[in-house]
Amino acid sequence: MGWVLEVAKMFLYLSFPVGIFHYVNQPAYFDKWVIQAKKEHFPIQSKQVYEEMDDFIHNLNAKIEKKHLDSMERQSNKNKQ
1 MGWVLEVAKM FLYLSFPVGI FHYVNQPAYF DKWVIQAKKE HFPIQSKQVY
51 EEMDDFIHNL NAKIEKKHLD SMERQSNKNK Q
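In UniProt numbering, the protein residues as written are 1 to 81.
Derived from the structure by calculation, the hints contain no laboratory data. It is possible that part of the hints are untrue.
Think about it this way: if two alpha-carbon atoms lie no more than 27 angstroms apart in a straight line, the pair counts; the simulated DSSO-like pairs of lysine-lysine are [claimed, not checked]: (1) Lys63 with Lys39; (2) Lys67 with Lys78; (3) Lys78 with Lys66; (4) Lys80 with Lys67; (5) Lys9 with Lys32; (6) Lys47 with Lys67.
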């Protein structure tokens with residue numbers, strides 16, 4: 001009885017992940033759940049939204065770079081004196 005139980009447990013340990021992997025990777029499942037969830041959570045945005053985000057990122061990076069350059073310039077002036 002001992003080895004039969006071990007074989008049955010090993011079969012379950014191996015077949016369960018393989019079965020789930022097979023089910024989840026079916027194209028119908030992908031279309032039904034994944035694409036639908038993507039559309040709900042990440043709606044399609046207009047080009048204007050992308051441009052606004054790019055402008056915001058550019059301005060933020062410019063402000064950070066200016067802050068770093070000012071800090072380096074003050075440090076340089078301090079070292080010269």
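Now for the hints, and whether the structure bears them out:
Proximity of Lys63 to Lys39 is assessed by CA-CA distance (about 34 angstroms); at most 27 angstroms being required, the pair is judged violated. A distance of roughly 16 angstroms separates the Cα atoms of Lys67 and Lys78; the hinted pair therefore holds under the 27 angstroms criterion. For the given pair, Lys78 sits about 18 angstroms from Lys66 by alpha-carbon distance, which is consistent with the 27 angstroms threshold. Restraint check for Lys80 and Lys67: the C-alpha separation of about 20 angstroms stays at or below 27 angstroms, so the hint holds.
At roughly 33 angstroms between alpha-carbon atoms, Lys9 and Lys32 are farther apart than 27 angstroms, so this suggested pair is violated. With a C-alpha separation of about 30 angstroms, the suggested pair Lys47 and Lys67 falls outside the 27 angstroms cut-off, and the hint is violated.
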